[in-house]
Amino acid sequence: MMKLSLGPLQYFWPRERTLAFYRESMGWPVEIIYLGETVCSKRRELGTRDWIALAEELRASGKQVVLSSLALIEAESELGALKRLIGDGGGWIEANDLSAVQLCRERGIPFVAGPTLNIYNHRALAMLIEDGLRRWVPGVEQGETLLREMQASMHAGGRPMPELEVIAFGRLPLSFSARCFTARALDVAKDHCEFRCIEYPDGMPLATREGKPFLRINGIQVQGEEITDLGPELPALRELGVDVLRLYPQVHAMADVVAHFDLARRSPQAPPRVAARNGYWHGEPGMPLPARNA
Amino acid sequence: MQLVCPAGNLPALTAAIEAGADAVYAGLRDQTNARAFPGLNFSDDELRAGIALAHARGRKVYLALNTYPDSARLAQWFAAVDKAAEFGCDAIIAAEMAVLDYAARTHSALPRHLSVQGSATTAAALRYMHERFGISRAVLPRVLSLQQVERLCENSPVPLEVFAFGSLCIMVEGRCQLSSYVTGASPNRHGVCSPAKFVRWEEHGDGERSVRLNDVLIDRFQAREPAGYPTVCKGRFDVGGDIFHALEEPTSLNTLELLPRLAQAGVVALKIEGRQRGVAYVRSVTQTWREALDRYRAAPGPWALQADWQRSLSAHAEGHQTTLGPYHRSWH
Numbered sequence: 001m002m003k004l005s006l007g008p009l010q011y012f013w014p015r016e017r018t019l020a021f022y023r024e025s026m027g028w029p030v031e032i033i034y035l036g037e038t039v040c041s042k043r044r045e046l047g048t049r050d051w052i053a054l055a056e057e058l059r060a061s062g063k064q065v066v067l068s069s070l071a072l073i074e075a076e077s078e079l080g081a082l083k084r085l086i087g088d089g090g091g092w093i094e095a096n097d098l099s100a101v102q103l104c105r106e107r108g109i110p111f112v113a114g115p116t117l118n119i120y121n122h123r124a125l126a127m128l129i130e131d132g133l134r135r136w137v138p139g140v141e142q143g144e145t146l147l148r149e150m151q152a153s154m155h156a157g158g159r160p161m162p163e164l165e166v167i168a169f170g171r172l173p174l175s176f177s178a179r180c181f182t183a184r185a186l187d188v189a190k191d192h193c194e195f196r197c198i199e200y201p202d203g204m205p206l207a208t209r210e211g212k213p214f215l216r217i218n219g220i221q222v223q224g225e226e227i228t229d230l231g232p233e234l235p236a237l238r239e240l241g242v243d244v245l246r247l248y249p250q251v252h253a254m255a256d257v258v259a260h261f262d263l264a265r266r267s268p269q270a271p272p273r274v275a276a277r278n279g280y281w282h283g284e285p286g287m288p289l290p291a292r293n294a
Numbered sequence: 001m002q003l004v005c006p007a008g009n010l011p012a013l014t015a016a017i018e019a020g021a022d023a024v025y026a027g028l029r030d031q032t033n034a035r036a037f038p039g040l041n042f043s044d045d046e047l048r049a050g051i052a053l054a055h056a057r058g059r060k061v062y063l064a065l066n067t068y069p070d071s072a073r074l075a076q077w078f079a080a081v082d083k084a085a086e087f088g089c090d091a092i093i094a095a096e097m098a099v100l101d102y103a104a105r106t107h108s109a110l111p112r113h114l115s116v117q118g119s120a121t122t123a124a125a126l127r128y129m130h131e132r133f134g135i136s137r138a139v140l141p142r143v144l145s146l147q148q149v150e151r152l153c154e155n156s157p158v159p160l161e162v163f164a165f166g167s168l169c170i171m172v173e174g175r176c177q178l179s180s181y182v183t184g185a186s187p188n189r190h191g192v193c194s195p196a197k198f199v200r201w202e203e204h205g206d207g208e209r210s211v212r213l214n215d216v217l218i219d220r221f222q223a224r225e226p227a228g229y230p231t232v233c234k235g236r237f238d239v240g241g242d243i244f245h246a247l248e249e250p251t252s253l254n255t256l257e258l259l260p261r262l263a264q265a266g267v268v269a270l271k272i273e274g275r276q277r278g279v280a281y282v283r284s285v286t287q288t289w290r291e292a293l294d295r296y297r298a299a300p301g302p303w304a305l306q307a308d309w310q311r312s313l314s315a316h317a318e319g320h321q322t323t324l325g326p327y328h329r330s331w332h
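For the record, the sequence lines run as chains A and B.
Counting along the first sequence from 1, when you hit position 207 you're at 207 in our numbering, and nothing is skipped either side.
Counting along the second sequence from 1, when you hit position 116 you're at 116 in our numbering, and nothing is skipped either side.
A few of these clues could be false.
Claimed, not checked - Below, in silico cross-link-like pairs of lysine to aspartate or glutamate (EDC-like), each with a Cα-Cα straight-line distance of 16 Å or less:
1) A/K212 with B/D215
2) A/K212 with B/D30
3) B/K83 with B/D45
4) A/K42 with A/E76
5) A/K3 with A/E239
6) B/K83 with B/D30
7) B/K60 with B/E86
8) A/K3 with A/E45
9) A/K212 with B/D238
The set of hints was computed from the structure by calculation and includes no laboratory data.
Given only the sequences and the hints, what does the whole structure look like? Please build it.
Written as structure tokens, this is what we have:
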């Protein structure tokens, strides 16, 4: 049976809400939980030490915990925090950039390749396996065709695939910048942002000039507006040998989302769609095309 | 500091060399490079001719092979690496691990530069690329502040090249799926951002124009309002009821005033963006930077920014405005 994971929390929530969310998750049927800040190092409602303590708590409840690294590392202080995650985290790391890959490689720590690592072919995947990769989360634009190609090429080379984890539910992380778009929208400087993104627990909606919802601003990250749902593709994912379904935390009804996917993974039938179609999976633009979403 | 200029085709390469580029970078006419635009780039014969022309003047030619091939297309990228070696390119600029690995194993004498698309922003990431693939230079993503660039120059295992002028990607290069989200065509896989075939301009009765990318409204312009190319990141959108350039204005990066600090930091090369731009742009921008660099080399102490340099560069900037971009903290 496929495992369920909670991907790293992409948004910035108050400390108590975050802790309550993860305490509740102990009772959910997810096997793997990714913890840590992947978007902005200024978000410190939970610091590195808090994430590590939370990891221990969740492990004690029977979850596999992976500590996730920042997607964009610019400052020495951010590298320092990453070293603490790797050194003191007590488990695997989700490497979201090459700095994390290199630090894990230097220290012999196994890692999960996060979706921003840009692994597009079997040779790159094989090299990263030599470096310590144990699980691979393909990038957002990589759909079924690329995964099949990857498997066939790995197989032809006599190499086993690592565990495969696919983003099954959530808003897709589309881009990262040095600029904070939340601060820009609120007309405050990034260096004096007052951590205002905490006011947007599901990101800040961005619509076109004709009022069509389009993207979500989330600090230095831009996400697609639509929450994507690969539920209806579950039979294909199963056939493909996908090991883990990643569910990105959203502020509302996450327990229901987990329950939905838990039921779905136990059934041979495809579940009904609960959120938007992910075009990337089908080799199309990621954005759901209105005609196809019905 | 070396001046590295864009060559979208042979006339642009010639103009860059004549105007004083120390090196030019070019791409083949396919998806192996990140400016895979129709009508741009080099046939094999043109590339050979360009290399001959540059080498006759003692200048260098780098071949950009900086997209991300999937398994089925690897052979095409490897063939392009072979071509770079066979034709006598002075380096390849690559981002993807299999491409770098192939080049290191098959043509170890051909220098490998890490492309900006490789998204390496720290000494640890650069160490990885250096230890794994023996890169001899890295181009930094346009996300670091000047202080961060200075610091990285101290800690990097390889010499660093930075973007000095041109159109400004505001997202970490190699980490942006905005074009792909809307059109299915991505810089990483297809070497294009917001391809023209998805762009649709609409004229309205009052002189107003709007522009769509695969049916998504990117912006609307009043009569006589200058209208830029509709990349998602430079459109105007509605956030909380305000309509504005929510991600970035149409503007160009211009770091000319930082030249002394970049030189003092130990940056080895300055890159001018714009393989998609015309000969006039390449010639003029190259000339300006050549003059500024020569002036600095001759007398670093009294070097001062000239108003005519800035005027000339602004004339070629997107929306005729320039910014220090991420080099300056206030941009962030």
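Going down the list of hints, with the structure as the test:
no.: 1; hint: A/K212 with B/D215; verdict: 11 Å, holds
no.: 2; hint: A/K212 with B/D30; verdict: 35 Å, violated
no.: 3; hint: B/K83 with B/D45; verdict: 11 Å, holds
no.: 4; hint: A/K42 with A/E76; verdict: 13 Å, holds
no.: 5; hint: A/K3 with A/E239; verdict: 14 Å, holds
no.: 6; hint: B/K83 with B/D30; verdict: 13 Å, holds
no.: 7; hint: B/K60 with B/E86; verdict: 15 Å, holds
no.: 8; hint: A/K3 with A/E45; verdict: 29 Å, violated
no.: 9; hint: A/K212 with B/D238; verdict: 9 Å, holds
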